[in-house]
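Undergrad: Here are the chains, one letter per residue:
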Amino acid sequence: MDKVLRIDNVSYRYKDAKKDEYVLKNIKYDFEKGKIYAIKGKSGSGKTTLLSLISGLEKRYEGNIYYKDKSLKKMDLDTYRNSNIGIVFQSYNLLPHLNAMENIILSMDISKVKVKDKKKKAISLMEDVGLTSSLAKRRVLKLSGGEQQRVAIARSLSYNPEIILADEPTGNLDKDTENDILNIFKRLAHDDNKCVIIVTHSTNVCNQVDIVYELKKNN
Amino acid sequence: MYIIKNALTSIRRNKGRNLLIGIIIIVISCACAITLAIRESANKVVSAYEQKNPIEVTIGMNRRSLMESLKQDDKSQEEMINAFNEIKEPTEEEIINYGNSNYVKEYYYTYSLGVDAKDLTEATDSLVKETTEVKTEVDTKRRTFPGGDSKFPGGPTSSGSEETTTSRRTTTKKTEKIFNEKASGGAFTLIGYNSYEDMKDFINGNYTITEGEVSSDFNSNSCVISEELAQLNNLEVGNTITVIDTNNDKNTYELIITGIYKENTESSSSMSSMFSNSANNIITNINFVKQIVSNNSDNLTPSITPTFIVNSKDDIEKFTNEIKEKGLSEYYEVTSNIEELENATKSITNVKTFANTFLIISLIIGAVVLIVINMINIRERKYEIGVLRTIGMKKSKVSFQFMLELLTVCMFALLIGSGIGAATSVNVANKLLENEIANTNNEVGDIGKNFGKDNFMPDMDAKKNFKVANVNQINDMNAIVDFKVLGQLFGIGIILTLISSLASMIAISRFSPLTILKERS
Ligand SMILES: Nc1ncnc2c1ncn2[C@@H]1O[C@H](COP(=O)(O)OP(=O)(O)O)[C@@H](O)[C@H]1O
Ligand SMILES: [Mg+2]
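So the sequence lines, in the order shown, correspond to chains F and W.
One point on numbering: in numbering that gives the first Met the number 0, the residue at position 18 of the first sequence is 17, and numbering is uninterrupted.
One point on numbering: in numbering that gives the first Met the number 0, the residue at position 178 of the second sequence is 177, and numbering is uninterrupted.
Pulled out of the complex, with its shape left as it was, chain F reads as follows (with noise of 0.2 Å):
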C-alpha cells in the first residue's frame, strides 16, 4: 500500500538530559494513507515527543523520518505543516483573540490554499465536524472544550492535508464526546482517504482503530 510516513529507527534525547536517556530509542513505525493508528503509551512514554518530530517541530534527532521518501530533514518544515500534515492537540491550541471561522481561515491563508470563498469553506467545514454554523461567530474561548476541539479538527483539514497528527486528542473531554471525535477520525481515514494517527494513552481509543502501535517507557 501507500507508505506516506515512515518512522525509520528514530532515536532521541532531549538537549538537557543525560548522555544515554533517550526518550525514544530505535523506533520503526510505518503509517499509510485509508488507515488510521494509534500510538499508545503511558504518561512521560514519550508520544507527545515523537509527534513533535513527527509534525518536524523538533529536528535533531538520530535516524529518519520521511514524507513520501522524502527526509523531513531535508524538507522546508514550514510548509510541511503547513500543507502536509495537520495538527490536532490535547489542549486545542486555538487562538483565543479570534473566533471560530477565523481560526480556520487563518491556517487557508497561512497554507495559501486556493480556496474560492473562504467563509463558506470554514463554515462547511465546521458542518462536517458537527459544529452548527451559528458558532462560526463566536470567540473560541467561549466554545466547549469538545466544540473547541472540533474548531481545531475544522483547521487540520482546511488545508487538505494527507495526514492528520492527534495528540491525545480526547484526553479533556467525556466518552461520548470522545466516540463522536473518534468517529470522525475514523471517516477521515475510511471514506476521505487519509493517514490519522492519533496519540493516546486511552484503551477505547485504541479499540476502535485499525492498527495500534505501542510505546513502552524507555525502551
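Everything labelled a hint here was simulated from the structure, so no lab data went into it.
Glycine residues also receive a C-beta, built at the ideal position from the N, C-alpha and C atoms.
Please note that the accuracy of each hint is not assured.
Computed footprint of chain F on chain W, listed as stretches where at least three residues anywhere in the stretch have a Cβ under 8 Å from a Cβ of chain F [unchecked claim]: (1) 9-16; (2) 55-61.
Here are the simulated PhoX-like pairs of lysine-lysine, each with C-alpha atoms no more than 20 Å apart in a straight line [stated by the list, open to error]: (3) F:Lys120 x W:Lys4; (4) W:Lys430 x F:Lys111; (5) W:Lys261 x W:Lys249; (6) F:Lys136 x W:Lys430; (7) F:Lys27 x F:Lys41; (8) F:Lys73 x W:Lys430; (9) W:Lys14 x W:Lys4; (10) F:Lys113 x W:Lys4; (11) W:Lys393 x F:Lys72; (12) F:Lys32 x F:Lys69; (13) F:Lys136 x W:Lys14; (14) W:Lys351 x W:Lys483; (15) F:Lys118 x W:Lys4; (16) W:Lys51 x W:Lys104; (17) F:Lys32 x F:Lys67; (18) W:Lys289 x W:Lys51; (19) F:Lys58 x W:Lys393; (20) F:Lys115 x W:Lys4; (21) F:Lys73 x W:Lys394; (22) W:Lys396 x F:Lys111; (23) F:Lys113 x W:Lys104; (24) W:Lys4 x F:Lys119; (25) F:Lys72 x W:Lys394; (26) F:Lys73 x F:Lys58; (27) W:Lys345 x W:Lys323; (28) F:Lys117 x F:Lys69; (29) W:Lys199 x W:Lys393; (30) F:Lys111 x W:Lys483; (31) F:Lys58 x W:Lys394; (32) W:Lys351 x W:Lys430; (33) W:Lys4 x F:Lys117; (34) F:Lys141 x W:Lys14; (35) F:Lys111 x W:Lys14; (36) F:Lys27 x F:Lys2; (37) W:Lys323 x W:Lys312.
The calculated label-pair distances, taken between Cβ atoms and stated as ranges, are [stated by the list, open to error]: (38) F:Lys72 x W:Ile415: 14 to 24 Å; (39) W:Leu414 x F:Lys41: 31 to 41 Å; (40) F:Arg138 x W:Leu497: 28 to 38 Å.
Given chain F, put chain W with the ligands in place with the hints provided.
TA: Positioned in the frame of chain F, the structure of chain W with the ligands alone reads:
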C-alpha cells in the same frame, strides 16, 4: 496580505494592551515634541539674532603694544609721540584690499574727521567729567612717566599717556574713538557714510531721526546732527552750520541740516555723562569729508573706520591672519563683536543645550520603554507565537506581523502625542520668541522711520542688508516649527519602534514552539 489583516484584527481584539502601549508612547512623544519645539525655537532665535547682528570685525590701534614696544626701547616721551605719529593708518585702498577677502561677506567704512565749527557750542560736560577721571589717571601716569604733567585733555602729551590707561579697560568702540582722535583735534566729529546701507546705527535703530531725514544724496553738503547739539544751539532742520578745518581755519564749509537724530542706546556710555557719545557727531557723506581733506595742503588725514562682516566665528582668526599678511601694522589690533554676540545669545543657547539634553534623555527613556514593552508583549504572546509556528507560519512572518502591530499602535500614539505636544509647544515657542517676533515685525517700517522716510524703498542691494526676507520667515514660523518638529518626531519614533522590534524578532526566532506548547499543557 493576510498578515496585515491579522495584525489589525489582533490590535482590535487586544484593546487593553494596545491602549497601555499607546498611552505610554503618547506621553513620551508629547514630551519629545515640546522639547523639539523649544530647541527649534531657540535655534530660530539664535539664527535670527545672528542674521540681524552679524559678526563685525574692525581694526584699531593697539596702544598697549605700542607703548610697550616704545618703552622697551627706552625712548623719551617726545620720541614716543613722534614715533606714534609716524605709524601709518590704513588708507582707503588698503581697507578695500582687506575687504576683498573670502572670509568677508561685506564691508563698509566711514570717514571721520575732527572739525571745529563756527558759533556752535560743543555738547560736553567733559570739564567736570575729566577732572574727576583724570585724577586717578594722573597719579598712575606720574608714576609711569614722571616728566609728563598735563591736566588739560586736549593737549597732545596727555592724549598719549592718558589713553593708555583708558584703553586697558574699554571695548572696541573705545579703541575706535581714540583712533579717531589721532587724526586731529576738533570739538566735533564729521562722520561720512557711503550709502544708507552702511549706516548700521540707523538700520539697527541705535539712532533714529526725530525730525527731517537723512538725505539720500550722498554728494550733497547736507548733514544730520544730534538732538542734543540741536537743542544746545537752537538749531532746526533747514539751518546751516559752518565747520572749520582744524589745521587751517581759513577753510570753512557750510552744511545744511536735513535731519536731527537721537541716540537710543543708553548702555554704551560707560561713564556718567550729560550727553550721549554721539552728541558731537555730525553725520554726513564721505564725499563731503573727502572734500575737506583734499582742500587741505597739510596732508590732513581722516580716520577711516572699516567694518568687515565675516561669515563665521572661525573666519575671524583667518581674516586677522590674512590682513596681517596683507600688511596691517603690528600696532593695529583686530577686534570683533563676537563676545558681545555670544553673550546676547547665551541664555537662549543654554535653553538649547538643556533642550538637547532633555531630548536625548526622553529618547533614551522612550527607547528603553519600547524595548521593555516589546519584551513583555512577546512573553505575553508566547502561546500565540507557538500556535502560529505549529500551524506553519514562518518565523519571519510572525515577526513581521508583530512589528506591524507595534508600528501601527506607535504611529497612532505618536500622531496623537506629537499633536498634543505641538499644540502645547506653540505657546512655549511663542513665549520664547515673543521679543524676537515683535522686534522683527516692526523692522521694515522702523528702518524707514529711522532714516526719517515714510515710504522707504530700499534698493535691491540694500534690501539684503535690511533683512526683509528674515521678517517674513519669522511671521510664518509657527507653521514651520510645527511641521518640521512633527516630521522629526515621526522619523525618530518609527526608527525607535523598528529598533525595539528587533528585540522581539530575536525572541521569536529563538522560541521553540514545542517548549511553548508544552509549557501550556
Ligand atoms: N523539554 C524537555 N526537556 C527534557 N525532558 C523532557 C522535555 N519534555 C519532556 N521531557 C521528558 O521526556 C519524557 C517524555 O515526555 P512526553 O513526550 O511529554 O511524554 P507523554 O506525552 O508520553 O506524556 C518525559 O519523561 C519527560 O520528562
Ligand atoms: Mg503528552
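Undergrad: For every hint, state whether the structure bears it out.
TA: Hint check results:
| no. | hint | in the structure |
| --- | --- | --- |
| 1 | 9-16 | holds (count 3) |
| 2 | 55-61 | violated (count 0) |
| 3 | F:Lys120 x W:Lys4 | holds, 19 Å |
| 4 | W:Lys430 x F:Lys111 | violated, 59 Å |
| 5 | W:Lys261 x W:Lys249 | violated, 31 Å |
| 6 | F:Lys136 x W:Lys430 | violated, 56 Å |
| 7 | F:Lys27 x F:Lys41 | holds, 19 Å |
| 8 | F:Lys73 x W:Lys430 | violated, 69 Å |
| 9 | W:Lys14 x W:Lys4 | holds, 16 Å |
| 10 | F:Lys113 x W:Lys4 | holds, 18 Å |
| 11 | W:Lys393 x F:Lys72 | holds, 17 Å |
| 12 | F:Lys32 x F:Lys69 | holds, 16 Å |
| 13 | F:Lys136 x W:Lys14 | holds, 19 Å |
| 14 | W:Lys351 x W:Lys483 | holds, 17 Å |
| 15 | F:Lys118 x W:Lys4 | holds, 15 Å |
| 16 | W:Lys51 x W:Lys104 | holds, 14 Å |
| 17 | F:Lys32 x F:Lys67 | holds, 11 Å |
| 18 | W:Lys289 x W:Lys51 | violated, 31 Å |
| 19 | F:Lys58 x W:Lys393 | holds, 16 Å |
| 20 | F:Lys115 x W:Lys4 | holds, 18 Å |
| 21 | F:Lys73 x W:Lys394 | holds, 18 Å |
| 22 | W:Lys396 x F:Lys111 | holds, 13 Å |
| 23 | F:Lys113 x W:Lys104 | violated, 72 Å |
| 24 | W:Lys4 x F:Lys119 | holds, 18 Å |
| 25 | F:Lys72 x W:Lys394 | holds, 18 Å |
| 26 | F:Lys73 x F:Lys58 | holds, 10 Å |
| 27 | W:Lys345 x W:Lys323 | violated, 31 Å |
| 28 | F:Lys117 x F:Lys69 | violated, 31 Å |
| 29 | W:Lys199 x W:Lys393 | violated, 71 Å |
| 30 | F:Lys111 x W:Lys483 | violated, 43 Å |
| 31 | F:Lys58 x W:Lys394 | holds, 16 Å |
| 32 | W:Lys351 x W:Lys430 | holds, 15 Å |
| 33 | W:Lys4 x F:Lys117 | holds, 14 Å |
| 34 | F:Lys141 x W:Lys14 | holds, 19 Å |
| 35 | F:Lys111 x W:Lys14 | violated, 29 Å |
| 36 | F:Lys27 x F:Lys2 | holds, 13 Å |
| 37 | W:Lys323 x W:Lys312 | holds, 18 Å |
| 38 | F:Lys72 x W:Ile415: 14 to 24 Å | violated, 50 Å |
| 39 | W:Leu414 x F:Lys41: 31 to 41 Å | violated, 58 Å |
| 40 | F:Arg138 x W:Leu497: 28 to 38 Å | holds, 32 Å |
Of the numbered hints given earlier, the model fails hints 2, 4, 5, 6, 8, 18, 23, 27, 28, 29, 30, 35, 38 and 39; all others are met.
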